[in-house]
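Hey, can you work out the whole structure from these sequences and the hints?
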Amino acid sequence: MTELKYAELQKSYQLELKKLEKEEETLVDELNNMLNQKTFLEDKIKGLAKLLPTLKVIKHEAQDLVNTVNNISDSSEKISGNIRSLDNARSRVEECQARVSDLIDLEICSQGVQTAILDSDYEKGAAHVHRFLSMDQSLLKRTANDMDNISNMLKSVRTLQDAASQLRAIVTHKFTEAVNAEDLVSIERFFKIFPLLGLHEEGIKEFCTYLRTKVAAAADKNLKSAVSTPPSDKRHTIVYADTLTLLYEGLARITDTHQPLIETYYGPGRLLAAISILQKECDIQTKRVLLEWGKTRQINKKNQMINELSRMSSSSSFNKLEKIEPKDLDILIVEITLMHFRIELYNRFIQRKITSDAEVGIPNQDDRNNILKSLEQLIKNSDLSQCKHELLSHYLRLEQYYMEESVAKAIAMDSVEMGQQTSSMVDDTFFIIRKCIRRSVSTGSLDGICVIINNACRVLESDFGEVLRGRLRQGYPSGYLDLTQAYNVLQTSIQQGRLQSGDTEQSRLAFLVALNNADSSTEYVDALCDNVLKEIEQALPNLNSNERGKLESCLSGLSSVTTNLKDIIEYGIQQLRSSAIKPRINPWVDQFLNMSHHLTDDELSAYEAGESFVQTLIMNLETLLSSFKDILTSANYDLLTQVLTAEVTQRLEKVIMKTTFNRLGGLVLDKEVRSLAGYITAATSWSVRDKFARLTQIATILNLEQVNEIYDYWGSHDGALTWRLTPTELRNIIALRTDFKVEEIRRLKL
Amino acid sequence: MDDYKFLFKVVLVGNAGVGKTCLVRRFTQGLFPPGQGATIGVDFMIKTVEVGNEKVKLQIWDTAGQERFRSITQSYYRSAHALILVYDISSQPTFDCLPDWLREIEEYASSKVLRILVGNKIDREDREIPENVGEEFAERHNMYYLETSAKESDNVEKLFMQIAEDLMKQARTRDLPRYDSNNQTIDGRTSTINDSSCCSRLQ
Ligand SMILES: Nc1nc2c(ncn2[C@@H]2O[C@H](COP(=O)(O)OP(=O)(O)O)[C@@H](O)[C@H]2O)c(=O)[nH]1
Ligand SMILES: [Mg+2]
Numbered sequence: 000m001t002e003l004k005y006a007e008l009q010k011s012y013q014l015e016l017k018k019l020e021k022e023e024e025t026l027v028d029e030l031n032n033m034l035n036q037k038t039f040l041e042d043k044i045k046g047l048a049k050l051l052p053t054l055k056v057i058k059h060e061a062q063d064l065v066n067t068v069n070n071i072s073d074s075s076e077k078i079s080g081n082i083r084s085l086d087n088a089r090s091r092v093e094e095c096q097a098r099v100s101d102l103i104d105l106e107i108c109s110q111g112v113q114t115a116i117l118d119s120d121y122e123k124g125a126a127h128v129h130r131f132l133s134m135d136q137s138l139l140k141r142t143a144n145d146m147d148n149i150s151n152m153l154k155s156v157r158t159l160q161d162a163a164s165q166l167r168a169i170v171t172h173k174f175t176e177a178v179n180a181e182d183l184v185s186i187e188r189f190f191k192i193f194p195l196l197g198l199h200e201e202g203i204k205e206f207c208t209y210l211r212t213k214v215a216a217a218a219d220k221n222l223k224s225a226v227s228t229p230p231s232d233k234r235h236t237i238v239y240a241d242t243l244t245l246l247y248e249g250l251a252r253i254t255d256t257h258q259p260l261i262e263t264y265y266g267p268g269r270l271l272a273a274i275s276i277l278q279k280e281c282d283i284q285t286k287r288v289l290l291e292w293g294k295t296r297q298i299n300k301k302n303q304m305i306n307e308l309s310r311m312s313s314s315s316s317f318n319k320l321e322k323i324e325p326k327d328l329d330i331l332i333v334e335i336t337l338m339h340f341r342i343e344l345y346n347r348f349i350q351r352k353i354t355s356d357a358e359v360g361i362p363n364q365d366d367r368n369n370i371l372k373s374l375e376q377l378i379k380n381s382d383l384s385q386c387k388h389e390l391l392s393h394y395l396r397l398e399q400y401y402m403e404e405s406v407a408k409a410i411a412m413d414s415v416e417m418g419q420q421t422s423s424m425v426d427d428t429f430f431i432i433r434k435c436i437r438r439s440v441s442t443g444s445l446d447g448i449c450v451i452i453n454n455a456c457r458v459l460e461s462d463f464g465e466v467l468r469g470r471l472r473q474g475y476p477s478g479y480l481d482l483t484q485a486y487n488v489l490q491t492s493i494q495q496g497r498l499q500s501g502d503t504e505q506s507r508l509a510f511l512v513a514l515n516n517a518d519s520s521t522e523y524v525d526a527l528c529d530n531v532l533k534e535i536e537q538a539l540p541n542l543n544s545n546e547r548g549k550l551e552s553c554l555s556g557l558s559s560v561t562t563n564l565k566d567i568i569e570y571g572i573q574q575l576r577s578s579a580i581k582p583r584i585n586p587w588v589d590q591f592l593n594m595s596h597h598l599t600d601d602e603l604s605a606y607e608a609g610e611s612f613v614q615t616l617i618m619n620l621e622t623l624l625s626s627f628k629d630i631l632t633s634a635n636y637d638l639l640t641q642v643l644t645a646e647v648t649q650r651l652e653k654v655i656m657k658t659t660f661n662r663l664g665g666l667v668l669d670k671e672v673r674s675l676a677g678y679i680t681a682a683t684s685w686s687v688r689d690k691f692a693r694l695t696q697i698a699t700i701l702n703l704e705q706v707n708e709i710y711d712y713w714g715s716h717d718g719a720l721t722w723r724l725t726p727t728e729l730r731n732i733i734a735l736r737t738d739f740k741v742e743e744i745r746r747l748k749l
Numbered sequence: 000m001d002d003y004k005f006l007f008k009v010v011l012v013g014n015a016g017v018g019k020t021c022l023v024r025r026f027t028q029g030l031f032p033p034g035q036g037a038t039i040g041v042d043f044m045i046k047t048v049e050v051g052n053e054k055v056k057l058q059i060w061d062t063a064g065q066e067r068f069r070s071i072t073q074s075y076y077r078s079a080h081a082l083i084l085v086y087d088i089s090s091q092p093t094f095d096c097l098p099d100w101l102r103e104i105e106e107y108a109s110s111k112v113l114r115i116l117v118g119n120k121i122d123r124e125d126r127e128i129p130e131n132v133g134e135e136f137a138e139r140h141n142m143y144y145l146e147t148s149a150k151e152s153d154n155v156e157k158l159f160m161q162i163a164e165d166l167m168k169q170a171r172t173r174d175l176p177r178y179d180s181n182n183q184t185i186d187g188r189t190s191t192i193n194d195s196s197c198c199s200r201l202q
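Sequence order for the protein chains is V and Z.
First residue of the first sequence? That's 0 in numbering that gives the first Met the number 0, and the numbers climb one at a time after it.
First residue of the second sequence? That's 0 in numbering that gives the first Met the number 0, and the numbers climb one at a time after it.
Treat the hints as calculated values from the structure; they're not laboratory data.
Among the hints, erroneous ones may be present.
Straight line, CA to CA, 30 Å or less: simulated DSBU-like cross-link-like pairs of lysine-lysine [unchecked claim]: (1) K46/Z / K379/V; (2) K565/V / K168/Z; (3) K54/Z / K565/V; (4) K55/V / K18/V; (5) K533/V / K56/Z; (6) K565/V / K4/Z; (7) K56/Z / K565/V; (8) K111/Z / K565/V.
Please read all numbers here as calculations on a predicted model, not as lab measurements.
Right, dumping it as C-alpha cells:
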C-alpha cells in the first residue's frame with residue numbers, strides 16, 4: 000500500500016518535471032529568435048549610421064532598438080531565473096528520488112535482513128546493514144517527518160538497527176568460533192563481514208589477534224627446535240639468529256599476504272593498526288628467543304668476565320689463565336651481528352610498508368604525518384628496539400674486548416722474517432681492526448660502526464702505538480749495523496718484550512723494524528679510512544647529513560692516528576740522528592780541519608790527483624747510508640738522508656768557519672761542496688737544494704776572485720742571489736780569505 | 000666556508016631526562032623542543048662561534064643517559080676536549096648519580112679534559128638541590144659549576160661560550176694543537192714522546 004503511494008508521488012513529480020522541461024524549451028526558442036533579431040538590427044544600425052541626415056528617424060529607431068535590447072535582456076534574465084529554478088527543482092527531484100530509493104531500500108533491507116540472518120546468510124545480512132549504514136541518517140529522519148505514515152519507516156529503521164547489533168554479535172561470536180575451530184575459510188569469511196557492519200577497528204583487532212596466535216605457535220615451535228639443535232649441527236652456532244630470522248620472515252609473510260585483504264575489505268591506511276597488534280607478539284617472541292640465547296651462550300657470564308678482566312688489567316695483577324680466548328668470541332660476535340641486523344631489517348620492513356600504505360591511502364597531509372609519527376613511536380617504543388639496543392651493547396663490549404685482546408696477541412706473537420722491513424704485528428693488527436670494523440658494518444647500525452671506529456682509534460694510538468714507542472724508547476745502539484745474525488735471534492727475543500742489553504745487533508734491528516712499522520702503519524691507516532668509508536656508504540646508502548657528519552667525525556679521528564704515528568717516527572729518527580748519524584759524521588767532517596786550504600798550483604794538482612777530502616767523505620756517507628737503505632722503508636730512508644744532510648751541512652759549515660783559505664783553497668771548497676750536493680741529490684728522492692743553500696753560498700763567497708765581485712751576487716739586481724746569510728755572516732766568511740784585504744772587506748756596503 | 004681555526008669536541012653526559020638534549024638544542028637551534036623522545040645512542044651537532052675574532056667550531060655530542068647505551072657513549076669520552084656533566088636541580092636522584100658519572104669520566108676521558116658541572120632546570124619551582132650544594136660538589140671535584148635553564152634560555156649561551164673561550168686559552172698556552180685543515184689533527188691527543196705520561200695510556 001505504501002509502495003503504491005510512493006509510486007504515485009514519484010509519477011506526479013516526474014510529470015511536473017516534464018512540464019517544466021517543455022517550458023524551458025519554448026523559452027530557449029524564444030531567446031534564440033530574439034538573438035537572431037538582434038544581429039539583424041545591428042546590421043540595420045550600421046546602415047542607418049550612414050544616413051546622418053535622417054538622424055531623426057534613426058534616433059527614433061535607435062530608441063526602438065534600445066527598447067528592444069532592453070526587452071531582450073529582460074527576457075534573458077527571466078529565462079536564466081527560470082533555469083535556476085529548474086535546476087533547483089531538478090536537485091529536489093533527485094533528492095526526492097534518493098529519499099524514495101532509500102525508503103524503498105530501507106524497506107527491502109529490513110525485510111531481507113531478518114531472512115538473511117535466519118538463513119545464516121551473513122554476507123547478505125551484512126550487505127543490508129551496510130546499505131542501511133550508508134544511508135544519510137539525518138535525511139532519513141527528515142523523510143520520516145515529511146511522511147504521513149511514519150510508523151512503518153521507523154519500524155524498518157529499528158529492525159535494521161536491531162539486525163545490525165544482532166549481526167555484530169553473531170559475527171564476532173562466529174569469528175571466535177572459527178578461530179577456535181581453526182576454520183580458515185570461516186575466519187576469512189567473517190573477517191570480511193566486520194567492515195560491512197562498521198566494525199573496522201574491531202575486525203582488524205580480532206583478526207590480528209588471531210594472527211598473533213599463529214605467530215606465537217610457530218615461534219614456539221621454532222624456539223623449541225633451536226634449543227634442541229645438537230652442537231654437531233652446522234648452524235648450531237647461529238641457531239638463535241636463525242630463529243629470529245624465521246620469526247621476522249613469518250611476520251613479514253603474514254603482513255604481505257594479508258595486506259591486500261585488509262586493503263580490499265577495510266580500505267587503505269589501516270596497516271599501522273594491524274602491524275601495531277602484531278608488534279606486540281613480535282616483542283614477546285623476540286624477548287623469549289633472546290632470553291634463551293642469553294642462557295645458552297652464557298652471555299651474562301661472559302660480560303661479567305670481560306668487565307672483571309678490564310678492571311684487573313688496569314690494576315695489572317691479572318691472571319692470564321682466566322682470560323677468554325678472543326677467538327672463542329668470534330662465533331658469538333657473528334651471531335650477535337646477525338641478530339642485530341635481522342631486527343634492523345625487520346624495522347626497516349615495517350617502516351617501508353606502513354609509509355607506503357599511508358602515502359597511498361591517506362590523502363590528507365596532516366593525517367599522514369600523524370600516521371608517520373605514530374609509526375616512529377611504534378618502532379622507538381617497542382620492546383624489539385630495546386632488545387636491539389641491548390644486543391648492540393653486548394656486541395660492542397665483546398667486539399671491543401676482541402679487538403684489544405687480539406691486537407695484544409698480535410703484538411705478543413710479533414715476529415720478523417729475514418729480510419723484511421716490517422714485522423708481523425702491523426699486518427696482523429690492521430687485519431684485526433679491519434675485520435672488527437667490517438663486522439660492525441654488518442650490524443647495520445651507524446652508532447655501532449662509529450663506536451668500533453673510536454675503539455680502533457684508541458687501540459692504535461694507545462696499545463699499538465705505545466708498543467712502537469716503547470721499542471724506540473730503548474734507543475738505537477751506536478755502531479755499525481750488521482744484520483746477518485740479528486734476524487735469527489730477534490725472532491724469539493722480540494716476543495719477550497725486552498731485548499737483552501748485550502744483543503746490540505738485535506736491538507738495532509728491532510729499533511729499525513719498529514720505525515718501519517710506524518711508517519707502514521700510516522699507509523695502513525689511510526687505506527683503512529678509504530675502504531671503511533666506501534664499505535659503509537655501500538651498506539648504509541641513505542645516511543642523512545647529520546649521520547654523515549657523525550661518521551666523518553669518527554673517521555677523521557681514525558685518520559688522525561697518522562699524526563700520532565708521524566710523531567713516533569720523528570722520535571725514532573731523532574734517536575737515529577743522535578746515536579747513528581751524528582757521532583759518525585762529526586769525525587769525518589772534522590778531517591777538513593787537518594787539510595791545508597792554502598794551495599799553490601802544484602799542490603792543487605797533487606790534491607786533485609789524490610784522494611780528496613770530499614771523496615773520502617762521500618765514500619763514508621755511502622757506506623753509512625747503504626747499511627740502512629734496504630732495511631728502512633723508502634719514506635724512512637728519505638727521512639734519514641734528510642737528517643744526515645742537515646748534520647753534514649751544519650758540521651761542514653762549522654769547520655769551514657774555523658779554517659782560512661787562499662784563492663785556490665776557495666776554488667777547491669766550491670768544487671767539493673758541489674760534488675757533495677750532487678752525491679746527496681742522487682742518493683735521495685727529495686730536493687736538497689734548500690738544505691745546501693747556505694753551504695753553497697758560503698762556497699761561492701770563498702771562491703771569489705776579488706772582494707768587489709760580491710756585488711755580482713749581492714743587491715737587488717737580476718743576477719743577485721736570495722741570501723741565506725746575514726751581512727755580518729757574509730763579512731765573517733769573506734774574511735776567511737787571507738788574500739783579501741781587510742780594509743776592502745770593511746768598505747763593502749751590504 | 001670552513002674557515003674556523005679551532006675545533007673542539009664537547010660531550011654532554013648525565014642521567015636521562017636532566018635536559019641535555021634541550022640544552023644542546025637551545026644553544027645550537029635557539030629553541031626548546033616540545034616533547035621529543037629520549038636520545039638514542041649519541042646525537043651530533045655543530046655550531047661555530049666567535050671568540051675574540053677567531054672562529055671556533057664546537058662539535059657537540061649529546062649522549063643517551065640509559066645504561067644500555069653506555070658502551071656507545073663511553074667511546075666518545077676519550078677524544079672530548081670538554082665534558083659537561085648535567086643534573087636536574089629538581090631531582091635528588093640525578094644529583095646522587097654524579098659520583099658514578101665521575102667514575103666513568105675518570106676511566107674513559109683524558110685527564111686533561113675540561114670538566115663542567117651543570118645544574119639544569121632552574122626555572123622550576125620545586126628545587127631539591129640548593130645552589131651551594133652543587134657548587135661545593137663541583138669544587139670538591141675540580142669542576143666548573145653553572146646553573147642553567149634550557150627552557151628559559153638562562154646561562155646556556157654562557158655555558159658554551161665559556162667552554163669555547165677556555166679551550167681556546169688552553170690551546171694557545173698548552174699543547175692542544177691548532178686545527179689545521181690540511182692534516183686532520185682535530186683533537187688534543189698529540190702525546191709527544193718526551194711527555195709519555197700524557198694521555199698515551201688513558202686507562
Ligand atoms: N622546566 C624545565 N624542563 C626542562 C628543562 N630542560 C629540559 N626540560 C625537560 O626535561 C625533559 C627531558 O629533557 P631532555 O633534554 O630530553 O633530557 P635528556 O635525556 O638529558 O636529553 C623534557 O621533558 C624537557 O622538556 C629546563 O631547563 N626546564
Ligand atoms: Mg637526550
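Verification of the hints:
Distance hint between K46/Z and K379/V is fulfilled; the C-alpha atoms sit about 28 Å from each other, no more than 30 Å. A distance of roughly 26 Å separates the Cα atoms of K565/V and K168/Z; the hinted pair therefore holds under the 30 Å criterion. Annotation: proposed proximity of K54/Z to K565/V holds, straight-line Cα distance about 28 Å (limit 30 Å). For the hint linking K55/V to K18/V, the alpha-carbon distance of about 47 Å lies beyond 30 Å, and the restraint is violated.
Restraint check: the Cα-Cα separation between K533/V and K56/Z comes to about 27 Å, which is no more than 30 Å; the hinted pair holds. For a cut-off of 30 Å, the pair hint linking K565/V to K4/Z stands: about 22 Å separates their Cα positions. A C-alpha spacing of about 25 Å is found between K56/Z and K565/V, which places the hinted pair at or below 30 Å, so the restraint holds. Annotation: proposed proximity of K111/Z to K565/V holds, straight-line Cα distance about 22 Å (limit 30 Å).
Of the numbered hints stated above, the single one contradicted by the structure is hint 4.
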